[in-house]
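Q: Using the sequences and the hints given, assemble the complete structure.
So the chains spell out like this:
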Amino acid sequence: MEESLRINRRKFIKAGGIATTMLMVGNPFDVFAKGEIKKLTILHTNDVHSRIEPFPMDGGKMQGLGGVAKRSTLIKKVRLEEENVLLLDAGDIFQGTPYFNLYGGEVEIKLMSQMGYDAATLGNHDFDNGIEGFYKQLPNANFPILISNYDLSNTIMNKSTLPYKIFKKGGLKIGVFGIGIDLAGLVEKKNYGETIYQDPIQKSNEIAERLKHDLKCDLVICLSHLGYSYRENKVSDKVLAKQTKNIDLIIGGHTHTFMAEPEDILNLDGKITTINQVGWAGINLGRIDYYFEKQKGSMTKTFGKYEINNTI
Amino acid sequence: MTKKNLQGWQALLFLPVALLISCKSHFDLVKANRQQYNINTNVSADSAIIKTYLPYKQKMDAEMNAVIGKTDTVLFKGKGAESTLGNFFADACLSEGKKIDPNIDFAMPSTNGGLRNSLPKGNLMLSNVFELMPFENELLVLRLKGTDLQEILKFIAQSGGQPVSGITMNIKDKTATAVMIGGKPFDLGKTYSILTSDYIAGGGDDSFGMQHPIEKKVLGLKVRDALIKYIKNQTSEGKIITAKLDGRITKN
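Residue numbers (full-length UniProt numbering), protein chains in the order written: chain A, 1 to 312; chain B, 1 to 252.
A portion of the hints provided could be inaccurate.
Dumping the calculated SDA-like pairs for lysine to any residue here, alpha-carbon to alpha-carbon at most 25 Å [what the hints assert, rightly or not]:
id	chain 1	residue 1	chain 2	residue 2
1	A	K190	B	N65
2	A	K61	B	R116
3	A	K189	B	F208
4	B	K57	A	Q114
5	A	K77	B	N42
6	B	K251	A	Y230
7	B	K31	A	I166
8	A	K189	B	G113
9	B	K59	B	M125
10	B	K59	A	Q137
11	A	K76	B	Q35
12	A	K110	B	N65
13	B	K174	A	S229
14	B	K222	A	Q198
15	B	K70	A	D214
16	B	K31	A	V85
17	B	K217	A	G130
18	A	K245	B	L29
Treat the hints as calculated values from the structure; they're not laboratory data. All values reported here derive from a predicted model rather than from experimental measurement.
A: Printed below as a string of structure tokens:
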């Protein structure tokens, strides 16, 4: 039995993509699994705020920076070089240039679709034209809007978002979910309407547990618009990282924080949850390359080292 | 065998094994390399993207590139208790607001968080004002009791200063002291008229003190339109837009 399996397996390898599917099922043998490394590249933005063109050359601090067309060049280059790429955005797509005032977000969403964004979450400014204003632009989006802690069931968006999505890339399962900020005090009530904000920590723990354990994701990413950190005792990405488990990466937004490098925080499990945020206005494009090693059959096998370098 | 058959066959065979180890994901994270790309003038533009937004841009530019005024310096927010941008913003709104309601005592038309871009030196285009004030907020006049106004002063002091006009103060230990409104000392027993926006009046940016006005008047003028009117008026009078730090809010 075993022998015939081995023979057949070689055939699978020749069949290309099938071999990866095999690994997903859980291979009890050590035949071709040993030392197998998979690579995943995450590209990310946050708080682009309708910055379609680079900042104008007007003597301002930001002059010449940003621009969707330049970002697209970088994204295309990475996609040519890397097999498994996810492109994500942490919200506040809308508001900040006349493109939004005149076209209501149509240009922003169309360009994100053209660049092949895989998912985005909702920021507070994405409500600036009301829930209807965002809803109206959804036909231009070919990517899902992920938000797990807004109950939108009594709004026009009740079928427009997903709490999370699992992406399958080269045999890896990546669970991505969205977390939004409390809208009260940030957005006018008439604009967010019947949107109900739910506790981000509780929700994140619930979703991350489901993604990592029940749905067996190899990596769990939270797209968060909570903000990096606050002086006062307010929930932020730093608080979220410390008070949750099963999240590998928080891609943050809202506070427009230019981080010198991603921050690694020990979570409730004593494991690393990384926070990254890349400023705002599309001035930077974040990149994290993750490398995975296939488990060698045993449940208890642990790999001692998780190596982190702030260079590609 | 087709691909589909193979998968079905394999799933059948391995299912029991998969269940045994089902509590874990299948790959362990062993390494992360991180980097960020700065998107600057050295990066070339993707013409396919420009092609998509060009028709929108042309229509927008025709409207937004109209020059409506001129500045003699860059107006920006900075990190101090007052800023050139905040002073310009509040002065412009107060000036236009008083044309509709001359009884306004002072203005806090936005928080610092609501000032979304600096104004460049030189020609001011309509787009600059849209980027400074992209929101559709309306100007309101609230008549407030002195005790409520004290809450607003508390908010201004605790947050380290906000864009104001017609009022001066010194922030000491996060408390507003030596408060003067319209050149007279703040009197807790009096009522005051404040010019603000519907956003701030609703507690936006965690502001407080405006929940219980004695009277609320909607001016029918958006904050952005007030700024545009002010700039256009200055221009038609031959004036250049300028703003200084004049010590309206000091910190000691």
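Q: Tell me the hint numbers this structure goes against, listed in increasing order.
A: 1, 14 and 15
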